[in-house]
Each structure stands twice: as C-alpha cells, then as structure tokens.
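**Student:** If you want the building blocks of each chain, they are given just below.
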Amino acid sequence: MELNSRKEGDAVVVSVKGRVDALTAPDFEKYLSEQADKSEKSLVVNMKELYYISSAGLRAVLGATKKLKEKRGDMMLAEVQETVREVFEIAGFNKFLKIFDTEKSALEQI
Amino acid sequence: MELNSRKEGDAVVVSVKGRVDALTAPDFEKYLSEQADKSEKSLVVNMKELYYISSAGLRAVLGATKKLKEKRGDMMLAEVQETVREVFEIAGFNKFLKIFDTEKSALEQI
Amino acid sequence: MFSQITLPATLGNLRQFLDFITTCAEKQGFCPKRVSQIELAAEEVLVNIFSYAYSEPGGEVSVTCGSDSARLLIRFEDSGIPFDPLSKEPPDVTADVSERGIGGLGIFLAGKFMDEIHYRREKDRNILTLAAAPKAESEVSL
Amino acid sequence: MFSQITLPATLGNLRQFLDFITTCAEKQGFCPKRVSQIELAAEEVLVNIFSYAYSEPGGEVSVTCGSDSARLLIRFEDSGIPFDPLSKEPPDVTADVSERGIGGLGIFLAGKFMDEIHYRREKDRNILTLAAAPKAESEVSL
Ligand SMILES: Nc1ncnc2c1ncn2[C@@H]1O[C@H](COP(=O)(O)OP(=O)(O)O)[C@@H](O)[C@H]1O
Ligand SMILES: Nc1ncnc2c1ncn2[C@@H]1O[C@H](COP(=O)(O)OP(=O)(O)O)[C@@H](O)[C@H]1O
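Residue numbers (my numbering), protein chains in the order written: chain A, 13 to 122; chain B, 13 to 122; chain C, -15 to 126; chain D, -15 to 126.
Extracted from the complex, chain A is given alone in its bound form (with noise of 0.2 Å):
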C-alpha cells in the first residue's frame, strides 16, 4: 500500500494505491486520520489505483468520516475502481459518502 497526500484549498487530497487488507489498514487509519485533521474541512480520496479493500479499510474510512463530521467536513472518494465500489455499496457507506467519478468533480463540489 502507497499513501500520498497534497493540499487543494480547504480541502486535502489523499491517493491510496494497492490494497487495503487487515495488513495494511492499521497504517492507512493512522494516515487517513491525521490528514482528516490536517484538512480545513473536507477529504477526498483517490482510489484509482487502490485494488483491494476489506472490512478493516472500511473501519479506517468511516472512523476518518465520523472525525470530519466534527467539523461539518465530508469524505468523498474518487476514481472508485467497480469492485471496491462494490465494497462501499454492500456496507451502506455510499449513504454518508460522496463517490465522484473524478478527482476533478470531487473538489468542485467543496
């Protein structure tokens, strides 16, 4: 797993690629959670090229939702390959979170 993150306004812009496992999700909780704090107000992740992810990836995603909700602040994830959107969509997260095609549309949209 690769993490990488760069500010975009009020907004930070996290990349995450390769897989989020039970492995690899301790790490990407720890990251997702200090870059939610870092982040004026929303976070949005890019998961193009992210190819796997379990429950314990689900757990760091909505522990890092629930922090930015604080501070009126939103998750959106973009460039969400099929089968992890299908992840999200059987666990009921795409009810809390914003899913945006691009990385693009997602930042508009802050």
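Calculated from the structure, these hints are not laboratory results.
A virtual CB, placed ideally from N, CA and C, is assigned to each residue, including glycine.
You may find that some hints are simply not true.
[Unchecked claim] Computed, partial: chain B to chain C, Cβ under 8 Å:
id	residue
1	Ser27
2	Asp33
3	Ala34
4	Tyr64
5	Ala68
6	Thr95
7	Asn106
8	Leu109
[Unchecked claim] The list that follows gives simulated cross-link-like pairs (lysine to aspartate or glutamate, EDC-like), each with its CA atoms no further than 20 Å apart:
id	chain 1	residue 1	chain 2	residue 2
9	A	Lys78	C	Glu83
10	C	Lys17	D	Asp80
11	A	Lys83	C	Asp80
12	D	Lys17	A	Glu101
13	B	Lys19	B	Glu101
14	D	Lys96	B	Glu115
15	A	Lys110	C	Asp80
16	B	Lys50	B	Glu115
17	A	Lys107	C	Glu83
18	A	Lys83	A	Asp22
19	B	Lys79	D	Asp80
20	A	Lys110	C	Glu83
21	A	Lys78	C	Asp52
22	D	Lys11	C	Asp52
23	B	Lys78	D	Glu83
With the hints as your guide, set chains B, C and D with the ligands onto chain A.
**Tutor:** For chains B, C and D with the ligands alone, coordinates are given in the frame of chain A:
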C-alpha cells in the same frame, strides 16, 4: 416384465420379473387383481427378480391390497431387492404390507 | 456439456426418454443404485407431463441433461472458542454515519460475496466452509 | 483434489493464507473479479479467527481448498398448463391401506430420490429441474 403364478393352499404366489414402470404397470395391475380374485385369502408376490418399480407399480400393489382386505386376506411380498424395498418404505407401504425374506417364511405365516 | 432430446409427450416415448437420462447419469459416474433412483424420479415427472400437461394430443417434452460446474470450497478449521458466525445479527447497512458502530461488517461482507457459508462445531473445532459457484454459460441451469 | 495449509493463527500469516486460497480459486478458473471477492470473504474469516478464536497465543488455523463434484442436472420443459409440483401437499405416508387414495405418490418419490427439485414457469413453459449430487469421498465437505 414377466408374470407367473401358482396356487399354494389358500394362497396364490405371483412372481414378477424385470421392471414395473408406467408402461408395464397396467398389465401388472390387471394380473394382480385377477390373482387376488382367485386367491382364497392372501397373495404372496415374489420380487426376487424385480429390479425397478415406480409409483405406477405402487398403485397396482395398493389396489390389490385393498381388494384382499375385503376378504380379510393380506398382501405379502417376498425376497424384495434393496432398491425396490426402499421405494415401498419411502411410500410408507411397509405399514400395511408384510415383507418377508423368503417365499417360504411368507407361506408359513398364512 | 449437455445433451437434449425433444419428443411428443406420450407414454410410448417413456423408454426413449429414460434411456437418454440413464445414459447421461451413467456417463457422469453415478453407481447403478443411484442411476435407478434418478430414473425413477425422471419417470414420475415424465408420466405426469404425459398425463396432465396437455389437454389435446400433439404436445412435446424437452429433456436436457448435463452437469453444472463444481463449486470452489474453502474450509477453515480452528480449535478456538465455539463461534457460529451465522448466529450474528447482520449489521444495519442503512444507518447513517453517526449511528454506525466501528466493526461488525466482516462476516456480513463474506456472506455477500460467497454463494454459501456453512458452520459446524465438530469435537473441539470450529469448521466454517465458504462455497463459490462459477457462473458458467455452457451448463444446464436450474 | 484438494490442498491444505496449516499455520499459526496470527495476522503475520494472512498473506500466506490468502495466496494459497487465491491460487486455488484461479486454478479453478474463476475470473479476477470473483477471485478478489473470494479473497475478501476469506480474509474476513481469517482475521476473525486471528482476533477472537484463541485467548492465548499458539493456536492454529487449517485451510482446505478444493472443489466438490459437479451435479447431474436434468431439465424437463413442456408448454402444457402451468403446474408447480412443489406446491402439492405431500401425501400422508403414515396412513393405513383403507385411508390411502390411489395415486399422489409420484412427485413425492421424485423428491425423495433427488437432492433438489426446482420449478419455474418461463413464458408459456413449465421448467422443472432435478439435481443429483454424487457423494464422492475425495472432496471437501461442507
Ligand atoms: N472466530 C471468532 N471467535 C469468536 N468470536 C468471533 C469470531 N469471529 C467473530 N467474532 C465476533 O463477532 C463479531 C463480528 O465480527 P465481524 O462481522 O467480522 O466484525 P468485526 O470483526 O469487524 O467486529 C466480532 O466483533 C467478534 O465479537
Ligand atoms: N404436469 C402436470 N400438469 C398438471 N397437473 C399435474 C402435473 N403433474 C401432476 N399433476 C397433478 O398432481 C397430482 C399428483 O401427481 P403425482 O404425485 O405424480 O401422483 P399421481 O400422478 O399418481 O396422481 C396429479 O394427480 C395431477 O392432478
């Protein structure tokens, strides 16, 4: 299907060979009914060489059993093969049919 | 691989239908006793169609015989505390973020992605089996 | 044909277990998407065992991977009147001879001798499928 019969005291012994399916069952039914009429009391059906029986055959046996009942006679089966015996058992016919290991032990019971 | 036979729905064709079916069962390696049971089941269905399906002569029956693909089975065994994952209440996946507890999604996801989950406790072991059926095109469907 | 792996129940062995399982699924011809779903289901089960099954370190997990045998499927199609044989009340097989009606045993016997019966009405056709699973010894059981 091949059918034979002989008289033994008060009883008639029928032997049925081959298969009793929906094609042969009408002949089997007619034959059993005639032999039930001929018998003073009970009918012994030797099934040693009967390899197959379906619900059409069960219907024939049930009809003859009802007929014998009227003159207080019994339907007795002898030397029934395992697969055929299973069909009788699943249909619950062992409740009112007597099944014997040998023709001799059936005849002794009359 | 499957084969098919279509004939008028009359008792005169019973044997031909049954020969077709028993040949198929034998080829797939069923023992004579099982072949005989399969034959009986098939006869009962066919005779019903011959007797009751059509009010006028001329109707047909098609019989298709073949096999589905084998399923992948993955069995997990451990000698930990007894735990039946199937006894867990499924999580509320319609809940909003503030009502969501952390966790509780693992078993639920496993169940959604597999075709079957079976659990049993045997001696002092938990035995959990997942089954996945490939959805092949060229097989007989149920 | 099946294969087995047994390792201590710790997160450090997760990848090894998952590699073993995905290799098995790939060999059986599952497409990459399905393999990924199977992998996820397996991960969920394994992580639960690692986390909750043992109160002390040293516990193990065995994973067995393989396939069951293909089932024989026999499908009957006719365009007769709609008839769902599964909707029939089963006969009372405990009744004595005098209470027995003639008939009504056919569908019941078919059901007893087959592992599965499925019925559906499709367009103007009755589609009835019987399935028989061979009980082979050398396969992974559920
Ligand atoms: N093998 C196991 N042995 C004992 N308890 C288990 C086992 N697996 C799961 N559990 C219990 O079931 C709960 C739900 O599991 P799961 O759906 O995987 O979600 P999570 O592990 O994220 O909480 C766990 O929190 C745990 O209490
Ligand atoms: N294909 C069919 N179409 C319409 N009705 C049917 C069909 N098959 C069976 N039936 C009805 O279901 C009843 C029970 O069938 P079955 O169990 O085979 O016993 P039996 O044919 O000996 O009466 C039949 O008597 C008939 O009324």
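**Student:** All the hints need checking, so say for each whether the structure fits it.
**Tutor:** Taking the hints in turn, this is what the structure says about them:
1. Given the 8 Å rule on beta carbons, the hint for Ser27(B) is violated: about 20 Å separates it from the nearest Cβ of chain C.
2. Because the beta carbon of Asp33(B) sits about 6 Å from the nearest beta carbon in chain C, less than 8 Å, this interface hint is met.
3. With 8 Å as the threshold, the beta carbon of Ala34(B) comes within range of chain C, its nearest partner Cβ sitting at about 4 Å, so the hint holds.
4. A hinted interface residue such as Tyr64(B) counts as satisfied when its beta carbon comes closer than 8 Å to some beta carbon of chain C; here the least separation is about 6 Å, so the hint holds.
5. A least Cβ separation of about 7 Å between Ala68(B) and chain C falls short of the 8 Å threshold, and the interface hint therefore holds.
6. The interface hint given for Thr95(B) is met, as the beta carbon of that residue sits about 5 Å from the closest beta carbon of chain C, less than 8 Å.
7. Annotation: Asn106(B) was flagged as interfacial toward chain C, and the flag is violated, the nearest CB pair being 18 Å apart, outside 8 Å.
8. With 8 Å as the threshold, the beta carbon of Leu109(B) stays out of range of chain C, its nearest partner Cβ sitting at about 18 Å, so the hint is violated.
9. With a CA separation close to 10 Å, the supplied pair Lys78(A) and Glu83(C) stays within the 20 Å bound.
10. Restraint check: the Cα-Cα separation between Lys17(C) and Asp80(D) comes to about 29 Å, which exceeds 20 Å; the hinted pair is violated.
11. Restraint check for Lys83(A) and Asp80(C): the C-alpha separation of about 17 Å stays at or below 20 Å, so the hint holds.
12. A distance of roughly 16 Å separates the Cα atoms of Lys17(D) and Glu101(A); the hinted pair therefore holds under the 20 Å criterion.
13. For the proposed pair Lys19(B) and Glu101(B), the alpha carbon gap of about 28 Å is over 20 Å, so the pair is violated.
14. A C-alpha spacing of about 29 Å is found between Lys96(D) and Glu115(B), which places the hinted pair above 20 Å, so the restraint is violated.
15. Pair hint Lys110(A) plus Asp80(C) holds up; C-alpha atoms about 13 Å apart against a cutoff of 20 Å.
16. Taken as a hint, the Lys50(B) and Glu115(B) pair is honoured in the structure, with Cα atoms around 19 Å apart against an allowance of 20 Å.
17. The suggested pairing of Lys107(A) with Glu83(C) holds, with an alpha-carbon distance near 12 Å, which does not exceed 20 Å.
18. Simply put, Lys83(A) and Asp22(A) have alpha-carbon atoms about 12 Å apart, close enough for the 20 Å limit, and the pair holds.
19. Taken as a hint, the Lys79(B) and Asp80(D) pair is honoured in the structure, with Cα atoms around 14 Å apart against an allowance of 20 Å.
20. At roughly 18 Å between alpha-carbon atoms, Lys110(A) and Glu83(C) fall within 20 Å of each other, so this suggested pair holds.
21. For the hint pairing Lys78(A) with Asp52(C), the CA-to-CA distance comes to about 46 Å; that exceeds 20 Å, so the pair is violated.
22. The straight-line distance between the Cα atoms of Lys11(D) and Asp52(C) is roughly 17 Å, inside the 20 Å bound, and the hint therefore holds.
23. Between Lys78(B) and Glu83(D) the alpha-carbon distance is near 10 Å, which keeps this suggested pair within the 20 Å criterion.
Consistency note: the structure conflicts with the earlier hints numbered 1, 7, 8, 10, 13, 14, 21.
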